[in-house]
Each structure stands twice: as C-alpha cells, then as structure tokens.
Amino acid sequence: MTLNNKLSIKDFNFYYGLLQALKRITLPVKANQIFAIFGPARSGKTTLLKSLNRLTDLTFGSRHTGTILLDGVDIFDSKTSLTDLRRRVGMVFDLPTPLPMSIFDNVTYGPKLRGTTQKKQLIQIAEKALRSAVLWEEVRDRLNTSALRLSGGQQQRLCLARTLALEPEVLLLDEPCSGLDPISTASIEETLTRLKKEYTIVIVPHNIQQASRVADRCGFFLNGELIEEGTTYHMFTTPKDKRTEDYVTGRFG
Amino acid sequence: MRIDRTRYLTQGIAKILIWSATLFTIGVMILILFQILSDGLPVLRLHFFTESPRSMGREGGIFSTIIGTVALTFVAILFATPLGVGTAIFLREYTRETKVSRLIRFGTDCLAGVPSIIFGLFGFVFFVIYLNMGWSILSGGLTLAVMILPTIICTSEEAIKAIPYSYREVSYSLGGTKWQTVTRAVLPHSLPGIFTGVILGVGRSIGETAAVILTAGSSLVMPTSFFSPIRTMAVHFYILAREGISMEMAYGTGAALILLVLFVNIIANWLLNRYIRKKG
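Taken in sequence, the protein lines are chains V and G.
Using the numbering used here, read the first sequence as starting at 1 and increasing by one per residue.
Using the numbering used here, read the second sequence as starting at 1 and increasing by one per residue.
Check the hints yourself; a few may be wrong.
Taking CB as the label site, the calculated pair distances span [to be verified]:
| # | chain 1 | residue 1 | chain 2 | residue 2 | range |
| --- | --- | --- | --- | --- | --- |
| 1 | V | 116 | G | 45 | 56 to 62 Å |
| 2 | G | 18 | V | 181 | 57 to 63 Å |
| 3 | V | 123 | G | 47 | 56 to 62 Å |
| 4 | V | 20 | G | 117 | 55 to 61 Å |
| 5 | V | 127 | G | 107 | 47 to 53 Å |
| 6 | V | 19 | G | 96 | 15 to 21 Å |
| 7 | V | 40 | G | 270 | 52 to 58 Å |
| 8 | V | 66 | G | 115 | 58 to 64 Å |
Simulated from the structure, these hints should not be mistaken for lab results.
Ideal Cβ placement from N, Cα and C applies to all residues, glycine included.
Chain V extracted, bound-state conformation (with noise of 0.2 Å):
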C-alpha cells in the first residue's frame, strides 16, 4: 500500500444486522485509473460502492470494521466530514434518479447545498458539468424543462453531470448503463475514458463486457469475497483462480 493510490481498502468487513456482506476486502485502487467490481448478484458490489462514500451509515442495523483510507485519510475517523467525503467522492446509481424539478435544478443541486448561489457561477458549472457529460447539446436550449421529460438516457448522463457539477476526485458508478440502449451506454463509455485524467472511477459494470472494455483494473467479487485482483488484460487472459476464469469466460452462475 503506497501513497498514490487514491483508494486503500484494509480488511473491511460490513454487515448488514447479522448478515456479513462484505469478508476481508483489501483493495488498492490508483488515481486516474478506472477500476471495475464485477461479479453475481449479491455479491457486495453495490454494497463496497456505498461503503465508499458513506451511504451506508443511511442503512438502519449496518456496522464495518477495517478501514477505507482516501488520500491516506481514514473516512470513517471521527474527524472526517461526512459532507465533505461525499463531495469529494460523487456517485451515480444504477437508475436514473433525476429529482422531480428542472434539468438546471438538478444540475446545481450539489453546487447550492454547497452554498455556492451566484446564479452566474452556477450557469458556468451547468454548462461545464453538462459537456462533460455529453448533454449539453442536447438541452442547452430548454435547461428550465423537468428533468423528467428527458429519455432514460439523457436522465442518466443528467445524473453523472449533476455528480461532476462537485467536480468530486472519485466517481463512484453503479451499473450506469443499466436500462440504456448500445448507443447512449457507447456515449457513455467514451465519456468515462475522458474523464479518468481528472477523476478516479470505481464502477460496477452492467456486464463483463463493459469491464473489459473500459477499466484498467478489475476486481471479481463473489459472495462477499474478492476473488482476484489485476489489470484487465490479466483478469481476461491469465486468471490465477479458476472461479475469476469460469465467470469471465461465461462458464459461471
């Protein structure tokens, strides 16, 4: 474990009331890298994505013991602001989840609870968080509209902008292209590779596929347990354990 990496994860354990999500997680995850979870259902994905950021602690009967280190910073010490961590590490979920008021609303809903209120600013980080997440072109003239009036896609890239509206160091996506047709999961895609110069990415794909085209690293999960670790290249090619080469060559579940 060394200091560039953005992510240390040491021997966390999680559970929900007695049910142990979570066994013996240790994981580096280097900054400006895109690193994919895949694995079965319930098998800790979503569950480590939270554990991340801290959306956890909303879950009634939850506790963890180990740490979660960001920049070398323990998230879960006393000290650390919670609203902060989550500034710093935004996240996407699996469906859209676009708040019932206008696509600049959303857009500017973490800016404004940050306390940032000059209207021209809050434009400058709508268009800047738009682009970035290829909508700008498509809504640029009807920014007061509901966000729900948008299609599944667009309402999808609206969320990942309103999370780089924070401009946050980690992105955290859960199956963002769940729901979402090859061309808007393509745009998609594209738009993670750019990003990870500026961000760091932990994302759960929607399938191996994704893992294998847009992450630098993956890891497998399986019943709570990380199986194995690497680069894509090696997970794909040279599994070292027989269950990461059974699910990835489609053998598995």
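Based on the hints, put chain G in the right spot on chain V.
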C-alpha cells in the same frame, strides 16, 4: 351454462348495488344543498355580508361572524400547520420506527377519534380558565388547532412517506445535510399532500360549533383583538335555529357558510394547480 347465468346475475346485482349507493349519496347531498340554498339564497344580499347582526341576529347581516370565522380558522391553521408538519417530519425523517414513534402515532390516531365537544371542554378548562385567556379568538383557535392536529399529522406523514427513497439518497450523496435533504428533496414534493391535510383542517374549523361555543364564546360584537370573544358563522346558524330567533337568517347564514367552504376549496385547488404547474 348455469355457471354463466349465475355470473351474469352476480354482475347485474353488483352493478345495481354500486349504482344505487352512488345515487343515494349524491341524492342526499343535493337534497341538503337544495334545502339550504333554496331558503338561504334569497336572503343573500350585499348588505347581508357587510352589516353586523342587530337584535340578536334577527336583523342586519352576518359581517362580524364572517370575521370571527376567518380569524378563528386563521389562528387554528397558524398553530396547527407548523406543529403538525413538524411532527410528521420528525416521525418520518428524524426517527426510526421505535416504541416512541409508535406511541406518538397511536396517540394521534386516538386524538383523531375524540368527539369535538371533548376538545371544547379541554380548551375551556385549559385555555379559557387555566391560562386565563377567556372566551377569545385565541382560546378558540388554539382549541381548534389541537383538534385538527391529528388530521394534519396523518396526511403530512402519508405525503412524506410517498417520496421515493432515491430522492433522499441522491441528496445525501451530493453532500446534503439532513436538514437540506428534508427541506429541498422531500418537503417541496410532499407539499401538495400536506396542503390537502391543511384544507381538511380548514373545513373542520369552519364547520365546528360545540368546541367553539365553549372556547370562543358567542358574542355578536365585532372583535377588536385576538383576545376578543367572537361568534362564528356555524355557531350563529346554530343559535339562530336552536333558539328560533329567525329561520330566514339561519338559512341565509347556512348558505353563506356553504359558499365560503366552496370558495376556500376553489382557491386552494387553484393555488395547488399553479404550484404543480410551476414545478413542471
């Protein structure tokens, strides 16, 4: 064949029952409205609304009772809305389902079923006598506030409950505090539901008599402050009819009351629609 015939028969009977139930309900409503309005509308002249009652209400208009009704309802809503909505927010957002929250909910459910005269008695003992507020707009308004509180809590809670969990999750994930999340992601979208509860409360306040007589009095004098006693339109109607002062004026007051409730509902609907349209 026989099964088919039974089925058609059941279908037919069900249809007749449902239709007659609906017709009966609408019929009764129309009958009541017709009865009051046919006797009351002829009394409604402009001076009926602008003049205060004279000689016990036998002559003059009902101006002071309109003021009384509006003031009393205003006080009731002013106190009940923040308390009720606050309680609902507490129950839904600030606490988990525990013994305490269940106790609070059980309490409000019980309160909702208590007859209004009991609230009147409580208001008389507590506000009028113990707090020495006398028969006044304030005593009556506070009593009505306590009476409509369960309705507002219940409807607000339902409205808040209907907001998808994802709105909250999104707000937190963007660095929102609990307060920011409640005020920006939850409340604005549950406002229409909360509004419905408030309007129900307004309706009950306008129509209440028993609790009002015990706490706000039945004075026909024009109120000068929130400590003045007043008579509401509903109480005026009751006294005019009960004591045989003037059936004509009683029906006039009744008709005016119906029009007031109608007016409040139309305005409320209009405001609500405007709010929803503005949000897109």
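Okay, the hints, checked on the actual structure:
no.	hint	result
1	116(V) to 45(G): 56 to 62 Å	holds (59 Å)
2	18(G) to 181(V): 57 to 63 Å	violated (45 Å)
3	123(V) to 47(G): 56 to 62 Å	holds (57 Å)
4	20(V) to 117(G): 55 to 61 Å	holds (58 Å)
5	127(V) to 107(G): 47 to 53 Å	holds (52 Å)
6	19(V) to 96(G): 15 to 21 Å	holds (19 Å)
7	40(V) to 270(G): 52 to 58 Å	holds (54 Å)
8	66(V) to 115(G): 58 to 64 Å	holds (59 Å)
Hint compliance for this structure: hint 2 is the single one not met.
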